[in-house]
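> Since chain A is already given, all that's left is putting chain B with the ligands on it; use the hints.
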Amino acid sequence: MAKIKGAVLVDTERCKGCDICVQACPYDVLALSKTFNTKGYAFSYMLHPDQCIGCASCGLVCPDGCIQVFKVKE
Amino acid sequence: MSNPIIDPKNLVYEKSKVLSDNTMHYCPGCSHGTAHRIIAEVIEEMDRQKETVGVAPVGCAVFIYNYLNVDFAEAAHGRAPALATAIKRLNPEKLVFTYQGDGDLAAIGTAETIHACNRGENIAIIFINNGIYGMTGGQMAPTTLEGMVSSTCPNGRDVAIHGHPLKITEMLALLEGTCYVTRQSVHTAASVRKTKRAVRKAFENSLQGKGTSIVEIVSTCNSGWKMTPHQANLWMEENMFPYYPLGDLKDK
Ligand SMILES: Cc1ncc(C[n+]2csc(CCOP(=O)(O)OP(=O)(O)O)c2C)c(N)n1
Ligand code: SF4
Ligand code: SF4
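Residue numbers (this note's numbering), protein chains in the order written: chain A, 1 to 74; chain B, 1 to 252.
Read the hints as simulated data drawn from the structure, not as lab findings.
There's no promise every hint is true.
Taking lysine to aspartate or glutamate pairs in the EDC-like style, the calculated list, with each CA pair at most 16 Å apart, reads [stated by the list, open to error]:
| # | chain 1 | residue 1 | chain 2 | residue 2 |
| --- | --- | --- | --- | --- |
| 1 | A | K5 | B | E146 |
| 2 | B | K250 | B | E146 |
| 3 | B | K94 | B | D47 |
| 4 | B | K201 | B | D251 |
| 5 | B | K9 | A | E74 |
| 6 | B | K167 | B | D71 |
| 7 | B | K167 | B | E146 |
| 8 | B | K201 | B | D47 |
| 9 | A | K71 | B | E14 |
| 10 | B | K94 | B | D71 |
| 11 | B | K17 | B | E93 |
| 12 | A | K71 | B | E170 |
| 13 | A | K5 | A | D19 |
| 14 | A | K73 | B | E146 |
| 15 | B | K17 | B | E44 |
| 16 | B | K17 | A | D11 |
| 17 | B | K17 | B | E45 |
| 18 | B | K50 | B | D71 |
Excised from the complex, chain B in its bound form:
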């Protein structure tokens, strides 16, 4: 059964070549894959494949260097902004970005994150906030919502015991060194288009030396949340977005 429309001359969309053909190890429906795909498209459109250095996190995205065909360095847990600082200062002409989960960026790496942003390092930070530690079994993260169940708060996060969910992106927007701080998502075609524009702006800022850019992507970890991918998207809209509202927090 061949379909005559399926012909290279009619092609209107395919994944970027900057994204490798390796099968990603992520769970089906995981937001990490969509975020990787967007980054690959932006690097291709900016024609920067040979002039980009990514810094990989510890977390589910630890193998991002197997999926994006650009140079990569692997940081110790949470230290990606410190490593990216060195890479960018030594190679000012490169596009340098970190890719970090909420456990990496907002727990163990809080100090590195805040100080890199405060120094205004000319890097882009892509921040995947799925509200838990995905890789290690879905433990509570600083970003876990009040009442949200995780493997280490099976009765839901209790702010009296665990504190409030950390809005680290709002904190980073207050720092003089950040030039662009935005919060996006990747669960619909429209949100993917917006996130792509945000990543592009963040990457251009890195090249123009405007300071630190942060693109938070409110994400799902459907395995950790124990939902189907679609249920997780709906849950995210209903529960994550009110606390982590989408849109630009700073653009200077």
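Just chain A, with the same shape it has in the complex:
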């Protein structure tokens, strides 16, 4: 069976660190950064990139449209 792998690209400058995507991810891929963007917000990033399946749950719940989702079949 083909394995599906995903990845996300977060617009870290527009991200406000609301944490909604972190909570929505079914595979605990995302976390909030320890550093801050120029607006002073922690931003979402892939803490466990290998676990991402590209389901786009994070992108669908992001209030600010900051997340692009990518997916490949291997």
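Chain B with the ligands alone, transformed into the frame defined by chain A:
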């Protein structure tokens, strides 16, 4: 550290171009942003960007016209359905929708809301019910739940003094002029998908001249509720949904 999966050819999701790149002024985690994103996606999928007129409310969404790249008119507080009536009657080929909070739609604009729906104006109404007046500091709204704390009912809403929370969407479903009345949310991926289908149906009804459609989105105002965005979502599930149950109220 470059990730080979991150390549345009593998892209499966991104925000619609109908949503501008302007940073939205909403508080982190606010439901308004998610609702805007959904509307933008539907307009793009319907290929109606140049043939849509939105009517903006007074409330936190007052600047929606900076975020959705479609024509907009700004209504006086609560008067969006009256303005949308005129716009749609003068431009029957346009997709016309209002976007309104609960203070706008269910308090100061109650009369305009009811009469536009009763006349069956061919508009779509997107109704963001976060249970309070977000913009002005979290005052009690007609939709505030019994016992819910707000800046003007710090001990919680007391129905003996303040009356019952208004289920205006149920009232609108009773009117002959409404064709589609639904209540949705935007706090999970599944609920976002459902709300998107609901907005699409409401917009198609506007174009087909079937009457007025209302999509209520039960929402959070985490700043006003004084919770984190995630806590607010959980609070909404536990407290808002029992009183404002999700699903279609009317589909004719
Ligand atoms: C005629 C008039 N009355 C009162 C106000 C003050 N005011 C601005 S926004 C608002 C309430 C908005 O609440 P809601 O519609 O629930 O939207 P939210 O901010 O929660 O999205 C009020 C009372 C005003 N701008 N104009
Ligand atoms: S695409 Fe799905 S699995 Fe990947 S980070 Fe987003 S929510 Fe998690
Ligand atoms: S005050 Fe409430 S409704 Fe307004 S932007 Fe903040 S969270 Fe959203």
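> Where does the structure disagree with the numbered hints, that is, which hint numbers, in rising order?
Per hint list: 1, 2, 6, 11, 12, 13, 14 violated.
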